[in-house]
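Undergrad: Listed below, chain by chain, are the residues.
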Amino acid sequence: MHYILLIVGAALVNNFVLSRFLGICPFIGVSKRIDTAFGMGMAVIFVMTLASFVTWLINYYLLDPLGLQYLQTIAFILVIASLVQLVEMIIQRVSLPLYQALGIYLPLITTNCAVLGVAILNIQLKYNLLDACIFAIGAALGFALALVIFAGMREDLELNNIPRAFRGTPIALITAGILSLAFMGFSGLVK
Amino acid sequence: MKTFKGGIHPPENKILVKDNAIVELPLSKVFFVPTQQHLGAPAKPVVNTGDTVKRGQVLTEPMGFVSAAVHAPTSGTVKEITKRVHPVTGLLAPYIIIEADGKDEWAPGLPLERDPFSMTAKELLNIIRLSGIVGMGGATFPTHVKLSPPKDKPIHTFIINGAECEPYLAADYRLMLEQPERIIDGARVVMKVLGLDSAIMAIEANKPDAIRLMQEKTPPEIKVEPMKVKYPQGAEKHLIDALTGRQVPSGGLPMDVGALVHNAGTVAAIWDACALGIPLIERITSVTGQGINQPKNIKVRIGTPLKEVFEFCGGLNDAAKIIFGGPMMGIAQYCEDVPVMKGTSGILVLTEQETNLNSYQSCIACGRCIEACPMRLVPSMLSRLGERSMWKEALDFNLLDCMECGSCTYVCPANRPIVHFVKYLKTLQREAKAKGKEA
Amino acid sequence: MKDIFVSSSPHIHSVEDIPWIMRQVIYALIPGALVGMYFFGLPAAKVIAISVVSCMVIEAITQKFMGRAVTVSDGSAALTGLLLAMNLPAGSPWWLVVLGSLIAVVLGKQVYGGLGNNPFNPALVARVFLLISFPVQMTTWLQPRPFLLKVADTVSGATPLGALKTAMFEHGSIDIVGKLNLMDPFFGNIGGSLGEISAFALIIGGVYLIARRIISWHIPVFFIGTVALMTGIFWVINPNLYANPVFHMLSGGLMLGAIFMATDMVTSPITNKGKIIFAIGCGVITVVIRLWGGYPEGVSFAILIMNAFVSLINKMTRPEKFGVGK
Amino acid sequence: MMGAMLMVGGIGLVAALILGIASVTFAVKMDPREKAVLDQLPGANCGACGFAGCVAFAHELTANPEAEMACPAVNKDGVEAISDILGRSLGAGDAMIAFVRCKGSPADTITRYGYVGPEDCRTAQIIAGGPKACQYGCLGLGSCVEACPFDAMHMGEDGLPHVNEDKCTGCGKCADACPREIIALISRSANFGVRCISQDSSKEMKQYCKVGCIKCRICENTCPFEAIEVTQGNAASIDQEKCQKCGLCVSVCPTGVISSKQPPRKVQVIAEKCKGCGICAQVCPVDAISGKPKEPYVVDISKCIGCGMCIEKCPADAIERLAG
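Protein chains in written order, with my numbering: chain P, 11 to 201; chain F, 2 to 440; chain G, 210 to 535; chain Z, 1323 to 1646.
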């Protein structure tokens, strides 16, 4: 039950995109087509979980004992950056079309605040290693979910008769805003 | 009662013309005969300007198997072979213009008398081919092609289509009432060609007297089946589905499920050709709608200018639209110089109140089109893709399965021209395909 | 022949167009609105009038401003206004109603290109926006007083769901529910938004819409059914913590939401199969928010969230085309 | 301090090691030139090149040694830069611009019927061949305007599309969108064009259009450079390479179907320089120059069509164009 709540909490109640407003750049950038959004979501799930795992270890077995907590941010970014590089290579090898579709947004996960955010939140909320990984999966699932439903909507919006001034990113931001209004309904669900 | 899933119930409006007996249109002075009155390869003229022709004489020679000849509707001289606007495409197409001499003399030997049942299937098939018979419900597919299935797809179900599901039209109905023998005997000829010993005659239940008459007249091997009144009950694939429970596979032909459908008028024309040697030079058609003063069912020679038909029917009154065919699938015309053709199952003159000239709005996703679509597609999506010319995406939405019956467009509360968009997307797809072949 | 027109087939059209559909939905909402006016008196009538008029005016101005055809006469703006009014407390101040109309028409609809293009239900966007921005005004309920002419006083009543949540927080159990007469929410003698109080009046409207074939039965039945089933299960498990399913079915905005908001054609899935998935999703989210969430009522949120899923649902639930089955 | 440096350095080292291994294990061969080419492309993904975006086109350019420069939005320098990267020369084509080859506004032409349907030329064309009686005429429903990704076209009050030359990049999307191939790409430097592509005879044309090319051949006979031609059954067409931009054809065309982008600037004689040789008066095709020998000649502005032939022939450089 604890883990379910953890996942629900991270995915719905405190959805990274829609209520913490983290990772907006790839959210807007890679949500034009469902398949790329799905691929991006999978990549983020992978990166987030792995990053949480590694950063947790680094934090508690390296930084803490050595009293170097102030290096947290820089050390985490370093780890995440190399992880993303790794994912990039793997995707390029496994699925070239996905690699091309993700384009610039893949390297952008490197400095993605969502990934860094989950790593830092893990430490702040004093999760243990398993908790941290579960939380990361939940957060990434929430991110992927938001990305995919948003991509679905945008594929439809593309066919709509939207006023010229609002086409593209403006309407995406408005839609994201309304979606985040709707997700506020989950507030209070998990403390 | 047998039927299919989907479809619509538009007001029938057959009352305008349904009780008017067939009358023959007086012979026109001039005939415009398009060389292409069928689906498939064009036909090549075999007469020259100035030639004298007799009624029933061959005017064009089919080029290839899927093609059909046309014949002279009356005797006279070939005045000109030229290009004029074609009623179906709206573009310029070759015509043979015949000036009638008023004598209306038959070509030598016609009409003859022979017993089709003493002939072999091969001989009959050849007669049908040379007589230029095409599907007279409007699709105008050459009949002999449908009657020559490949060996691996034998036909075991033959359906005579008397559904006439298009609103307004009553030509097939009058034909069934007034000349049932032509249809029945023609059906027996088709059965002989195919080597079948049974057939089904499908008639919509809104024609009870035709059903009763046919039940009386038909021999036991032809079964008369009343069909639920619903549009498009007369569509080939849906008739087969309703009667046999078999669905013609997507992209396939009726012969893929061993079925063959012929319109009642086509079957009657087959009888004329086989028993009397008369090629397809005249047809029965309904001239109806609020925009015509005296709606009539007429027997008319192919190539008769529309103007003569209108004069015979008392002229136009507040006409907003002139349509060849029924109101659901017919083709709008804009001038009175176009001729009646083999596939002209009706000539409809609608007033502004009857038709629909309004502009359209955005799709409101009500889902009525999906419920109405007899092919079970997503017409709303096709129309939205049509607005953006996205034919590749439309292929995913089964664009090519659409038969343009118009059910979706009829029910659309936003008045969206869905069929128009589908036609447009199909054009784009065809063009792209042609381009791909060139490259 | 310029007076002859040419278009693609078909050349005839059904008489049922968008204004006709909008009129039918407005007719169906009248019983609910009347009950609201009966119990809340003049303030309710005022809210409805302001909402409808301001929605129509704002729509006309926006369309004019954007250089598009003004389509106020199709009735969709009036319908949005009426739905919005029915989702507001009867005692809402005028500025709240006008602000709501502005959000609904501009942000909910016109920004997306007008009727048919909006992914979210405009009235709900406005309601949720107001609920989050003005929680006090949006939860100040008038005490129902069944006299048409007597102005209801401003003594605030509580909604049954609100009372439930308070009881849960304060006492850890919901014995209060035992005191509630279930006939009251059925006929409307309870606190709540203007149009949601009488399940009976709303069901009459729903039956009318289904009979007229404006909406299909799938969404209301599956939405309400899911709520009943889920709350029923929890009620059986622990009736001290969870209210009974009838209570949940009749209270709050469930009837209004399930019959009128979730069935909005534009923002619900297009196939019946999709509608069922959509309705079940709405039901589940509603129950989750009602039972465990911070807000007492989750219908609006649930529908808005499921609105976002409609594109995906539509893509998943395409009908199987003719000629592939047999 | 030391610890911190070691820490970060250590993590960096480990990460570098892993990445190093991965870059070998998961290596994908990629042409480095591809990225360099991509940098030179506009990145607008307009698709005018015929490929799915700039990335795809960059790949095509590098992978296919016969691929040609198909991007209309890259300027000369860009093409040269790409040629350098690829090590082969890509012909830098002449800059093109869209040109509307129909002058038949609704006021000057006959409409066959009232069209009911989507406001789009391509959809109108497939129903009965379009409402315009002329099969070669602009339907005026603005598909080209909609198709323009650069907002370079608009429908004029005359019911015909107009090209904004400053914005037009010559991508050709409008030409693709036109179902009647009325829009053509012509050289940006060209000044004259025939605004009709009808193949109908003048007799046929008279029935439905007042302003189309009637194949009278007056322009062909007038053109001093044989740059304009009326081939069998076709409307007049200008060979832009031969055209010297004299503008004579414009002035003689009876239906005014030949248009000029910029009205030719008329000329004047600089009296101080003129030696009064009279050559200009001889070459002037419209007899706009007159004068007496040995005295400065004078140009009749009302007659001058700005063809500029006198300028070319004047031995004393004594003729100049008027400003504006």
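Treat the hints as calculated values from the structure; they're not laboratory data.
Note that the Cβ used here is the ideal one computed from N, Cα and C, for glycine as well.
Just to be clear, a hint being listed does not mean it is correct.
Between beta-carbon pairs, the in silico distance windows are [to be verified]:
(1) Z:1509 x F:94: 46 to 56 Å
(2) Z:1524 x F:312: 42 to 52 Å
(3) F:199 x G:482: 37 to 47 Å
(4) Z:1325 x G:346: 54 to 64 Å
(5) Z:1410 x P:190: 43 to 53 Å
(6) G:525 x F:245: 30 to 40 Å
(7) P:70 x G:525: 41 to 51 Å
(8) Z:1429 x F:352: 28 to 38 Å
(9) G:525 x Z:1342: 51 to 61 Å
(10) F:245 x Z:1528: 56 to 66 Å
(11) Z:1509 x F:433: 55 to 65 Å
Undergrad: Return the numbers of the hints above that this structure violates; sort them in rising order.
TA: Checked against the structure, the hints that fail are numbers 1, 2, 9, 11, while the rest are satisfied.
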